[in-house]
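Work out the full structure, taking the sequences as your base and the hints as a guide.
Number of protein chains: 4
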Amino acid sequence: MTYQIAILGASGYTGAELIRLIATHPYMQIAALSADRKAGMAMAEVFPFLRHLDLPRLAKIEDIDFSTIDLCFCALPHGTSQEVIDKLPRSLKIVDLSAGFRLRDAAVYEKWYGAPHVHPELQAEAVYGLTEFYRDEIAKARLVAGTGCNAATGQFALRPLIAAGVIDLDDIVIDLKAGVSGAGRSLKENLLHAELSGGTHTYSAGGKHRHLGEFDQEFSKVAGRPVLVQFTPHLLPMNRGILATVYVKGNPGQVHETLREAYRTEPFLRVLPFGQLPSTRDIAGSNYCHIGVTGDRVPGRAVVVAVLDNLNKGSSGQALQNANLMLGIEETTGLMMAPIFP
Amino acid sequence: MTYQIAILGASGYTGAELIRLIATHPYMQIAALSADRKAGMAMAEVFPFLRHLDLPRLAKIEDIDFSTIDLCFCALPHGTSQEVIDKLPRSLKIVDLSAGFRLRDAAVYEKWYGAPHVHPELQAEAVYGLTEFYRDEIAKARLVAGTGCNAATGQFALRPLIAAGVIDLDDIVIDLKAGVSGAGRSLKENLLHAELSGGTHTYSAGGKHRHLGEFDQEFSKVAGRPVLVQFTPHLLPMNRGILATVYVKGNPGQVHETLREAYRTEPFLRVLPFGQLPSTRDIAGSNYCHIGVTGDRVPGRAVVVAVLDNLNKGSSGQALQNANLMLGIEETTGLMMAPIFP
Amino acid sequence: MTYQIAILGASGYTGAELIRLIATHPYMQIAALSADRKAGMAMAEVFPFLRHLDLPRLAKIEDIDFSTIDLCFCALPHGTSQEVIDKLPRSLKIVDLSAGFRLRDAAVYEKWYGAPHVHPELQAEAVYGLTEFYRDEIAKARLVAGTGCNAATGQFALRPLIAAGVIDLDDIVIDLKAGVSGAGRSLKENLLHAELSGGTHTYSAGGKHRHLGEFDQEFSKVAGRPVLVQFTPHLLPMNRGILATVYVKGNPGQVHETLREAYRTEPFLRVLPFGQLPSTRDIAGSNYCHIGVTGDRVPGRAVVVAVLDNLNKGSSGQALQNANLMLGIEETTGLMMAPIFP
Amino acid sequence: MTYQIAILGASGYTGAELIRLIATHPYMQIAALSADRKAGMAMAEVFPFLRHLDLPRLAKIEDIDFSTIDLCFCALPHGTSQEVIDKLPRSLKIVDLSAGFRLRDAAVYEKWYGAPHVHPELQAEAVYGLTEFYRDEIAKARLVAGTGCNAATGQFALRPLIAAGVIDLDDIVIDLKAGVSGAGRSLKENLLHAELSGGTHTYSAGGKHRHLGEFDQEFSKVAGRPVLVQFTPHLLPMNRGILATVYVKGNPGQVHETLREAYRTEPFLRVLPFGQLPSTRDIAGSNYCHIGVTGDRVPGRAVVVAVLDNLNKGSSGQALQNANLMLGIEETTGLMMAPIFP
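Residue numbers (our numbering), protein chains in the order written: chain A, 1 to 342; chain B, 1001 to 1342; chain C, 2001 to 2342; chain D, 3001 to 3342.
In case anyone wonders, no lab produced these hints; they're calculated from the structure. By construction, the Cβ of each residue, glycine as well, lies at the ideal position given by its N, Cα and C atoms. Among these hints, one or two may not hold up.
What the hints assert, rightly or not - Covered by chain B, according to a simulated footprint, are these stretches of chain A (three or more residues, beta-carbon under 8 Å):
#1 11 to 21
#2 50 to 61
#3 278 to 285
#4 325 to 338
Structure below.
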């Protein structure tokens, strides 16, 4: 059985990463690609690294015949995504990679994204796409909302700890280091090689980053009470990868054991032996997430470090994992390739 | 049918790249891994990016039972390689990735490598592993000698042109830019991040680089007369990739057409439309080689640019392609994954 | 004596580099800075690395009082530069860093820059700013045209050789590797960190790069006959630095001796011992240019490698060196700081 | 007046940075350089970027005539440093850059460095070299112990806050991001470009980093009670720069005001306007330290971010600043050069 796949917004990094992954997927075929401003172009012109693939030309969304499509990935900006998805056939399975449907509460959405949600009924319908924690709902969903890449990393480090009640919920610090591809292919001065290479800086510090909306929603749901973490992202001179250093108060051994137990059967989440901490290099290009825990000389403090590839496990890999579930394909299909190093 | 594979010298970059590629190969299973100084260690300790794989522990070569092995990759230093391969069972198929068996002439070997060849009879037996030009011999060979990564890049740009007689054989300049993984995991001051990042320099310039031995042997053989190219390698602050800028005298259109025709049916060699030149980013992590040709305002001059991934198509990918041929597996098996970008 | 300095176009990299250099110059004071679109802003907002300096706010050019200015650096785009300089007081000394006045012939200018020169009389007046070869004219000039950074590098490698007649004038190849700051602070996709880091590619290959206009003009003038070099620039994942690998036909020893003799008393041009080749890391952040020569196993061929910092010796350092001459200050003033490494 | 300077251990990065800085210092002359294993070599061989300077050859320490030396910088490993300094003439002023004399308590030294101090009487004599807080003692000292580069960064962010009692002393987290030159020119696998570029990882996490000894000593002294911070360093793919993200509990406005007031007259410490956070790019190559403060949506939490160049302000710049004080030279002499960007 081969499923026909459409990717809307194929001219950005997450769209290209989806194509890279699906290129060797045994049960999926790319039937349509959209990119409004680049409609008519070949993918080889937009992303020459995909030159060897036989792909459909980029089209405008309105020119795509969705009647033959089984599943549609939507890698558009979150505002556009809301408009576009509303117009797609209701029979179509959709995995959205934008921030358009991640938050359940319309008021919270408006607070973090600065404008009211255009289609609150779709917002209500969408299932939050953190695969390992929403597997059953995702398998049955029509519309799945991919998580933020930073939000995924922080949740992999923290959800089992919050659920198990082994850490102080009022004192959680997530210090996050992010590669630049997470910012997309947008033309901004601070993303230029000359500006970014060789240095680092914070961004959206002081409780301002939008992924806090996801942290608040999910952590509070898990805890059954409000949980407000501190979250400081830093931009690093690297293309792929997120490393979240999470400071928690609790017994380090218990913290480690809780995570190890929670992810014992997960194919993509690996908890390292106690005291070992992971590197972003060890997951680049893959759908794996490595997690380590260590203690401190100050008793009752633990440091959890989680790493993943923002474009893969943090975005397009997660999306494909969810799509597999939605189509009834084995969840790991097309996602088992090893990271690339060096 | 699953073939049992051994990799000798698994603690270097080419060994690790072989494991990465074979990890998703449908007909190969890694049965033994060697690394003398790291014998007893798990691969996850040596290369944590392979942590997710279920691999045999590193062993000493003498502790490996080769009776169950179908094919052995040898990723050892060229001197060691000669000693080790001589002692392996004659029934074993071997793909050597070192410089140990690339040169057919014992005197030439000694000239470039500074010591006599230890096993000239093996040197004579070995087939030169430039797949696209030695396919039939490789399919029948017991021992295949992987090419130098720089040597492969230059030959992809030049062999058809020399064979077709469309360029001046006495005036060929190969200006090559190489990523640092080609130098291996060796501890040298000039390979440190603090020394290498942010700058570039030549190495082995002035006709001193050992891959000149391969160029001389192969180009002279193709031309039926001595051909001596100029070759200047540069080390670049990038991990993977080689870009060879080749200056030739000949009709640019004819140069382009000759290459296009020569590689028309090759699965991994792509000749771009005339005037387009490739980037190393578009082949990183893959077995593809992209080639472009342009002319100059000075008539009768052409520039050929070829790019490939030194660890993949230039080394471990080529080795796997050859192993497929030697085992009667479809040549492209396990090698069709897309490059990784960004 | 303190000279009052204006810098027009201070929001680009060459403008900022001028400020960095002049900050510790004992006889110059920055009295005015312009940046039309950023007028009103403080330099600390545009370039926070200059935060510690007490600098005038950015102004529109028309709001600057040039009556108190002794010398004006013009770091504007070449089209704008022509318009602006025409309107500046004739009493003002001007060092232009753009391509606006580098070419003497109006037809040649139009050919390379695609539009007629707006002020051919200024074009005729301007002195070509390659300090080491136009020292006397520069000292007397009102308007000096800074050279292209690539053009400077190639000329340092070749001018003495062409003048001395020690190389074949019809067979010169300049393979150049350039850092990304040479492309300026412009927002282009291929200059993004995610696109540029970790790889390399050619640009303006095949006889199309505009600096060929300078090479043609200068080399033909020196030779007394037309000289057309081949020139292929490559963009490298590094911020500062140019390395030009120049292939010439001639006696390598004579080539080396000619360069060594030519630059024996030059404060910023260093010729290395024969056989040693320079690295861009050794001149980054400085006004030095290092040059090396080696031979080849093919007799009668030499490779000359020249490195300099495109923003410093290739642009703003050269401009300051010229300004010193124009103001009667010792030429090396403010330019003797060591490169920065690592 | 020109002071004669010796630098012991001139073949490492901090030694080279000292030479870079002193090269343009108006009152210092480099009279002797040592590097035991490289004795006899010219600096241009060891660090070609210093090729333009007229420097003494590297010598063995025992071959240096200290009778004409006014001040000696000691950039040796901490064990060696203790032995060497004990043998130097007592009349010599010494700035040590190692960890040999930073800790006052012999037991604490042994705990962090794993061996007893060889010369506890020198340990007792040495003044801790954090210039801004020990200015008077340094001016009178014979032996000054340079601080750790990470230790300096954390102290600039925290000392005034601890002194003023505006933060909770039992809940301080320092999440630090460090460039690789801080690890020195040592040949370690994880410092190779192929291993380090493009990724990040923690090191010495979990309360194990030796600079904790300095934090404990200094913060406890300032507070008048034990203060134990949490400290997690990360290695980043950049050559120069440290960014410390410090999480404190206290009123953000008060935190900002305390730092601003404390550093109001400091020439090298700049506190940014509230809410602005600094980048390492803005201090690279300079002796400046930029500090920013922001609040959080969780009341009573503040984030302090401090950046400095580990080789300059964190090491050799600090050493020169201290040497100026010890010699009675204006403290900022030779240190006012602007950072280098891009």
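Right, here's what the structure says about each hint:
Chain B is given as covering the segment 11 to 21 of chain A, and this holds because 4 residues of the stretch bring a CB closer than 8 Å to a CB of that chain, at least three being needed. With 4 residues having a beta carbon nearer than 8 Å to a beta carbon of chain B, the segment 50 to 61 of chain A meets the requirement of three or more and the stated coverage holds. Under a criterion of three residues with beta carbons nearer than 8 Å to beta carbons of chain B, the stated coverage of the segment 278 to 285 of chain A is upheld, 7 such residues being counted. By the rule of at least three residues with a Cβ nearer than 8 Å to a Cβ of chain B, the coverage given for the segment 325 to 338 of chain A holds, with 3 such residues.
When the structure is compared with the earlier hints, no violation turns up for any of them.
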